[in-house]
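Chemist: The listed protein sequences derive, respectively, from chains A and B.
Residues 309 to 469 in our numbering are what the first sequence lists, from first letter to last.
Residues 8 to 159 in our numbering are what the second sequence lists, from first letter to last.
Source of the hints: derived by calculation from the structure; they are not laboratory data.
Don't take each hint at face value.
[What the hints assert, rightly or not] Facing chain B, from chain A, some residues (calculated, C-beta under 10 Å): (1) W315; (2) T325; (3) L355.
Note that the Cβ used here is the ideal one computed from N, Cα and C, for glycine as well.
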Amino acid sequence: MTKRIVWQSPDGSLRITVPVEPPLEGESESAYLDRIALRTLNAVPSLADCVRLPDVDASELPSRRFRSCWRPNVRRSVAVDVPLARAQLLAEVRAERNVRLLASDADKQRLDDLGTPQQKQQLAAYRQALRDLPTSVQQDLEALTDSTALERYAPTWPAKP
Amino acid sequence: MGSFAIHRGAAAASAASDTVAGLIEIAVQSEMEAATDTTRAVAPGRVQYHPGVAKSWITFNGTGTIAVTESHNITSITDDGTGDYTVTIATDHSTATYCVLVGSTQVTTPTFSTHTVCDTQAAGSYTVFCRNEGNTAEDMPAVYGATFGDQA
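Isolated chain B (complex conformation) (with noise of 0.2 Å):
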């Protein structure tokens, strides 16, 4: 026997439960931020509003032609310089205080030593800076980039 669904307001003969099936609302996006709620289903259209899930995410290969191999809600990638990317966020962040995770992987000799930061972010955007073992900016094959906080 399994749990069904209802819009919000409609008369909720029994509520489901853990154990017990039955009735169960759809959570909305101030549910979702608020992370508290465990009598409520998530649809897929709102799973981005919980603080655990990634807001924003790109992966892209920065040498040659610059070019993204996958991503999630990624307007563009600017390519400032040699090592030195700005990556655009279609849906903002509320703030410019997210947590930015970046990083890169390089192939050629030395492996080691690289090290990959972000420099400015703003709310809809930050920049990634690629730098070798001598701390000169390098084009690296791939670049990470991944937003985590309350989106607008």
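Next up, chain A with everything else stripped away, as it sits in the complex (with noise of 0.2 Å):
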């Protein structure tokens, strides 16, 4: 059985159930799903504010690197949203430069005492290319209008001195 039955929350993110019991003799392929479905409905408390949508095949399920992004389309099957999925990714580059810049610190401090000028410029050079760097990520997001080129995307983080 490689159909699975979705749900959308409230919130509008969606939920994938992958029946498990296996038919009963001589039941139909939609009959199943949907004894499955409320059993499953019955059982789970939170998904009694969920709507149920159209049932997918398994392989029309996209990449779970965006998986907090999917929703139904306008034909109402999953894919991933693209504007959720740009924000997704720059909180992950938030989240990752916020990173760098923390153990860049203790360089800082060492620098403010014993480094030339040189190395100090280098480094604040550094420091502000970071705290750059989300909004030159932004606008190359904007430019990708697809999961695919989304997941690919990779930022180009700066040297460290």
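With the hints as a guide, dock the two chains, each given alone in a separate frame, to form the complex.
Modeler: As structure tokens, this is what we get:
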């Protein structure tokens, strides 16, 4: 059974049910999926607020790289919402940028005491490039219009001096 | 010389014991749940009523196309998002206070400091949250769940 039952939560996110119990003898696929959906709905309290969308084949589901960005498209199938995926990527870049900035704090303290003017200038330029990176990344992401391109995107990080 | 079984209520010529061959009754659900009787036999279809036996269990791949590897007494699993899953049990527990054991295996590096918890449970379902070393939700290639307790 490769069919999946799709539910949409009130916040728009999608939940995908994988049937496990085998079909009854002579049971049609639609009757089987309806039975599994009903049993799951009755057993999972948090599904009560969800709306069931058309079932999909597992092969039609997008890559899980942007799992939190899955939304129904115009055909009510499951697709990656590109603006949400851009926002997720940008948040990931900001988080990594913050880690790199924090890591350079110790270098700054050391160079403030012992560094040459050139070393201080190089480190300041590096830290400024890190601060500016989300702006340039945002511009890059705006130019990408499909989830495959977003999935392949990797920012160019400034080289640490 | 072996023991043999008769249906409950039938006349027993002589009862079987640990050392003597004879007639032996089949334990019913309540006797399995009480788990104290040492003179009745267990039938395969009633083993699950014993409190020491797992009432449901599952192992599944939580990455890529979510897929169940093996299971018992499970209706479905629901992919709720990255690292978040809900398991639906086929035959409910009698209450929502049963014991749930969950775990997962991470194969990508680093292979330590991951944790997997059951966040909520109802009589017929429970949720599994998988988190990595940074406490961020992450799909795991092998996720496990088992439940123990009284069945409805």
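Chemist: Now, for every hint given, state plainly whether the structure supports it.
Modeler: Verification of the supplied hints:
no., hint, in the structure
1, W315, "8 Å, holds"
2, T325, "4 Å, holds"
3, L355, "8 Å, holds"
When each numbered hint is compared with the structure, no violation occurs for any of them.
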